[in-house]
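Engineer: Here is how the chains run, residue by residue.
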Amino acid sequence: MKTGTFKGGLNYGVFSVNEVNTPIEELPPPSQVTIPLKQHKGKECKAVVKKGQEVKIGQVIGEGSGPEEAPVHATVSGKVTQVIKRFPDIRGRYVSAVTIESDGKDEWATLPEQKTDYLQKGPEELLSLIEKAGVVDFGIEAVPISSKLSLIKDKSVNTIIVNGIDIEPFLNAHKRLIIEKAQDIAEGIKVLKKVSGVSSIYFAIEDRNTELKDKISSAISGVAELAVLKAKFPQAMDRPLIKAVLEREVPSPYGIPEDIGVSVFGVEAVLAILDAVREGKPVIDRVITIAGAINSPKNLRVRIGTPIKDVIEHCQGASGEVAKIIIGGPMMGLAQYSVEVPVSKETSGIFIQSESELATISSQKCISCGWCVDVCPMNLLPNIISSFCEVNMFKEANDYGLSYCIDCGCCAYICPVKIPLVHWIKYGKSQLEKEEK
Amino acid sequence: MKEERLIVSLHPHIQGVETVSKMMFITTAALIPAAAVGVYFFGINAIKVIVISVLSAVGFEAGLQKLMKREITINDGSAVLTGLLFALILPPTSPWWMVILGVFVGMLVGKHVYGGLGSNPFNPVCVGWAALKLSFPSYLDISGSILGAVKSEGITALVEDYSYFSEQYGIESLEGIGAKIKVLLKVILAWKPIPGATLVDCVGQVSALAIIIGGIFLIWKRYINWRIPVGFLASIIIFSAIFGSKEYLYPYILVQLLTGSTLLAAFFVATDPVTTPLTGLGNIVFGVLLGLITMIGRLWGSWVEPVWFCILVTNGFTPLIDRLTKPKPFGRVKESA
Numbered sequence: 065m066k067t068g069t070f071k072g073g074l075n076y077g078v079f080s081v082n083e084v085n086t087p088i089e090e091l092p093p094p095s096q097v098t099i100p101l102k103q104h105k106g107k108e109c110k111a112v113v114k115k116g117q118e119v120k121i122g123q124v125i126g127e128g129s130g131p132e133e134a135p136v137h138a139t140v141s142g143k144v145t146q147v148i149k150r151f152p153d154i155r156g157r158y159v160s161a162v163t164i165e166s167d168g169k170d171e172w173a174t175l176p177e178q179k180t181d182y183l184q185k186g187p188e189e190l191l192s193l194i195e196k197a198g199v200v201d202f203g204i205e206a207v208p209i210s211s212k213l214s215l216i217k218d219k220s221v222n223t224i225i226v227n228g229i230d231i232e233p234f235l236n237a238h239k240r241l242i243i244e245k246a247q248d249i250a251e252g253i254k255v256l257k258k259v260s261g262v263s264s265i266y267f268a269i270e271d272r273n274t275e276l277k278d279k280i281s282s283a284i285s286g287v288a289e290l291a292v293l294k295a296k297f298p299q300a301m302d303r304p305l306i307k308a309v310l311e312r313e314v315p316s317p318y319g320i321p322e323d324i325g326v327s328v329f330g331v332e333a334v335l336a337i338l339d340a341v342r343e344g345k346p347v348i349d350r351v352i353t354i355a356g357a358i359n360s361p362k363n364l365r366v367r368i369g370t371p372i373k374d375v376i377e378h379c380q381g382a383s384g385e386v387a388k389i390i391i392g393g394p395m396m397g398l399a400q401y402s403v404e405v406p407v408s409k410e411t412s413g414i415f416i417q418s419e420s421e422l423a424t425i426s427s428q429k430c431i432s433c434g435w436c437v438d439v440c441p442m443n444l445l446p447n448i449i450s451s452f453c454e455v456n457m458f459k460e461a462n463d464y465g466l467s468y469c470i471d472c473g474c475c476a477y478i479c480p481v482k483i484p485l486v487h488w489i490k491y492g493k494s495q496l497e498k499e500e501k
Numbered sequence: 486m487k488e489e490r491l492i493v494s495l496h497p498h499i500q501g502v503e504t505v506s507k508m509m510f511i512t513t514a515a516l517i518p519a520a521a522v523g524v525y526f527f528g529i530n531a532i533k534v535i536v537i538s539v540l541s542a543v544g545f546e547a548g549l550q551k552l553m554k555r556e557i558t559i560n561d562g563s564a565v566l567t568g569l570l571f572a573l574i575l576p577p578t579s580p581w582w583m584v585i586l587g588v589f590v591g592m593l594v595g596k597h598v599y600g601g602l603g604s605n606p607f608n609p610v611c612v613g614w615a616a617l618k619l620s621f622p623s624y625l626d627i628s629g630s631i632l633g634a635v636k637s638e639g640i641t642a643l644v645e646d647y648s649y650f651s652e653q654y655g656i657e658s659l660e661g662i663g664a665k666i667k668v669l670l671k672v673i674l675a676w677k678p679i680p681g682a683t684l685v686d687c688v689g690q691v692s693a694l695a696i697i698i699g700g701i702f703l704i705w706k707r708y709i710n711w712r713i714p715v716g717f718l719a720s721i722i723i724f725s726a727i728f729g730s731k732e733y734l735y736p737y738i739l740v741q742l743l744t745g746s747t748l749l750a751a752f753f754v755a756t757d758p759v760t761t762p763l764t765g766l767g768n769i770v771f772g773v774l775l776g777l778i779t780m781i782g783r784l785w786g787s788w789v790e791p792v793w794f795c796i797l798v799t800n801g802f803t804p805l806i807d808r809l810t811k812p813k814p815f816g817r818v819k820e821s822a
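As you go down the protein sequences, you meet chains U and P in turn.
Going by our numbering, the first sequence opens with residue 65, and the numbers climb by one from there.
Going by our numbering, the second sequence opens with residue 486, and the numbers climb by one from there.
Calculated directly from the structure, the hints in this document are not laboratory data.
This structure is a prediction, so every number in the text was calculated from the model and none was measured.
Do not take every clue at face value.
[Claimed, not checked] Selected chain P positions facing chain U (in silico; Cβ < 10 angstroms):
#1 Leu491
#2 Leu602
#3 Arg707
#4 Val715
#5 Asp757
#6 Gly767
#7 Leu809
#8 Lys811
#9 Pro814
#10 Gly816
Glycine residues also receive a C-beta, built at the ideal position from the N, C-alpha and C atoms.
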């Protein structure tokens with residue numbers, strides 16, 4: 065089989081990757097959770113619980129109204145202590161949130177129960193189960209699966225790619241899930257096939273782990289076709305992924321995969337779909353990797369709403385002085401200013417950085433080495449775009465494809481001068497948006 | 486964990502280990518074989534030129550930056566590299582004041598008037614060389630070299646009248662593939678003087694092999710882009726085959742291709758990132774164009790070795806090449822083009 069790939073990107077060889085390859089552990093339910101009511105693409109949910117109310121696990125606490133909103137559920141049983149109007153989320157924006165103090169009993173509203181007849185159900189019924197469970201595509205965008213499924217109908221999508229690749233180096237949750245739950249993933253893909261009506265399904269993994277490849281290829285045989293890709297960052301992003309698997313380019317800068325008849329689902333979303341239809345279990349937790357300057361790096365199953373400080377404590381604290389706490393991975397993650405920020409459906413990992421590992425920034429000029437051009441997966445000239453943005457020439461920057469940039473950060477990583485290219489490009493994008501308004 | 490100390494900044498939060506100074510010092514290190522061969526053949530004179538050139542390059546870099554009230558960046562290694570490269574393209578007989586003057590012009594007019602490293606449109610080494618060539622042509626005269634002999638008297642005279650290959654390398658006939666490989670292996674090691682004369686060449690250009698070792702090392706380490714040397718050398722071969730002497734074509738191509746200045750230009754000078762195009766395609770175009778201009782200069786120009794001047798001319802094409810080879814962004818659709 066040919067190993068698929070895309071132009072540009074960073075080979076894993078350049079990262080000094082210490083793979084966190086420990087089995088997934090369950091983090092004990094925290095004593096208190098703060099659950100943001102916006103953990104999806106659309107508007108924030110409306111709180112349907114009041115202060116002082118008793119809630120149980122799986123009980124709906126936030127109800128959405130639009131198609132891009134997913135309901136939010138209680139993740140511990142106990143008492144609602146607060147419904148906060150302005151709570152900082154991982155992007156530093158204020159959202160509403162519900163704080164629940166655990167009663168320690170960990171009681172479910174309706175205990176999940178494994179059924180066997182789920183594949184006999186009709187697509188409509190399955191869809192409503194998925195919708196009720198609040199399943200999202202567990203990326204930073206967090207698009208509700210129900211909205212993705214309706215796009216499949218609207219845009220007559222004929223191919224689905226199940227993404228088994230972790231979004232970043234250092235994060236390993238997808239990999240561990242494949243190794244530990246290959247059979248469930250295959251079941252989930254069957255459900256996905258049924259509910260979407262799409263029969264052509266690819267399962268994308270990278271070529272650097274044979275254990276993983278053996279596990280999944282036997283599990284999914286007859287269900288999905290395995291696509292083995294050359295290990296590179298940012299392969300898990302939609303555009304490079306589709307290029308690598310199908311040799312097709314998503315229209316850019318504003319197109320979506322569905323425009324060319326493709327839809328991408330992460331492994332974790334597939335498992336959550338299975339949980340929703342097989343057990344009626346809503347999304348109350350997710351698997352994240354805790355890596356970087358931490359005493360015991362782990363892959364953990366964490367309840368949504370757990371403050372990251374609890375997670376870090378469980379991993380025996382940071383090793384050394386903490387400089388940065390990053391939600392997501394080190395390449396594209398968001399640096400946090402507070403350890404009270406909770407794990408949400410958008411959190412794929414926590415990366416701790418100590419002072420000595422911080423990236424540096426230089427005021428030196430670009431030496432036009434062209435390394436950023438070589439690694440740009442969008443085939444842009446990042447140095448030119450960045451220098452236009454630096455002198456506020458946003459129109460010119462856009463002529464060179466400013467809006468095509470997918471913020472993967474490869475250019476700034478590779479730059480020998482250490483120019484903060486992502487900084488300038490993001491600044492340019494926001495200014496261009498303002499100018500266009 | 487003290488919360489108030491958390492740092493917030495944009496991604497990426499990690500970065501690669503490569504830096505400009507690492508790039509410069511490793512490139513400098515890759516020149517050591519070529520410089521060592523120069524010292525072996527030319528002795529103390531070569532050492533003198535190298536030391537004067539490197540020291541004055543570092544001195545002028547610091548001095549000009551201080552004068553212009555800029556951050557002093559002699560630690561980034563670019564001045565050392567410029568100085569060493571400049572020494573390697575000068576004859577070992579160059580007087581000390583001329584070396585200093587050349588470095589000064591290269592540093593001032595070639596680099597710092599534009600704003601220093603990264604802003605210069607022309608290669609500082611070549612700017613310095615061009616200034617000296619125009620001012621003191623006799624000191625830079627290398628017409629006694631093999632390249633010079635081929636230019637003034639032709640390859641036939643070199644092979645037949647001087648019996649160059651048979652006397653210096655012991656190869657009587659250039660016929661047959663075995664003899665061709667033998668002559669290639671012998672000349673690549675080092676160029677020998679014309680029979681009956683002393684060796685005339687520039688400091689770092691005697692041994693093709695020494696330069697190639699450094700060049701291949703840099704390509705392997707990815708500090709230089711392979712496309713420029715490959716494009717340039719391929720174009721030298723093609724254009725010397727088209728335009729060059731039809732008699733004794735094989736030794737003719739060897740002289741054009743393996744002369745030290747060709748290889749030094751291919752691997753070290755023309756690959757200067759600042760003055761060359763950005764994209765892969767652009768770099769191939771740059772290399773091929775440089776080869777064409779160089780061959781035109783060698784065949785019909787008046788200088789024996791015009792490659793340094795040709796690099797300046799081709800540097801002038803870089804913005805145009807960049808414009809013409811602008812890559813098509815991923816997934817561009819007609820409407821947004």
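Engineer: A separate judgement is required for each hint: does it hold in the structure or not?
Structural biologist: Hints, verified against the model:
The closest approach between the C-beta of Leu491 (chain P) and any C-beta of chain U is roughly 5 angstroms, which is under the 10 angstroms cut-off, so the hint is satisfied. With a least beta-carbon distance of about 6 angstroms to chain U, the hint placing Leu602 (chain P) at the interface is held under the 10 angstroms criterion. Contact between Arg707 (chain P) and chain U, as hinted, is supported at the beta carbon level, the nearest pair being about 9 angstroms apart and thus within 10 angstroms. A least Cβ separation of about 15 angstroms between Val715 (chain P) and chain U goes past the 10 angstroms threshold, and the interface hint is therefore violated.
With a least beta-carbon distance of about 9 angstroms to chain U, the hint placing Asp757 (chain P) at the interface is held under the 10 angstroms criterion. Interface restraint check: Gly767 (chain P) against chain U, minimum CB-CB distance 8 angstroms, threshold 10 angstroms, status holds. Checking Leu809 (chain P) against chain U by beta carbon gives a least distance of about 13 angstroms; that is not within 10 angstroms, so the hint is violated. The interface hint given for Lys811 (chain P) is met, as the beta carbon of that residue sits about 7 angstroms from the closest beta carbon of chain U, less than 10 angstroms.
The closest approach between the C-beta of Pro814 (chain P) and any C-beta of chain U is roughly 4 angstroms, which is under the 10 angstroms cut-off, so the hint is satisfied. The restraint placing Gly816 (chain P) at the interface with chain U holds, with a minimum CB-CB distance near 4 angstroms, inside the 10 angstroms limit.
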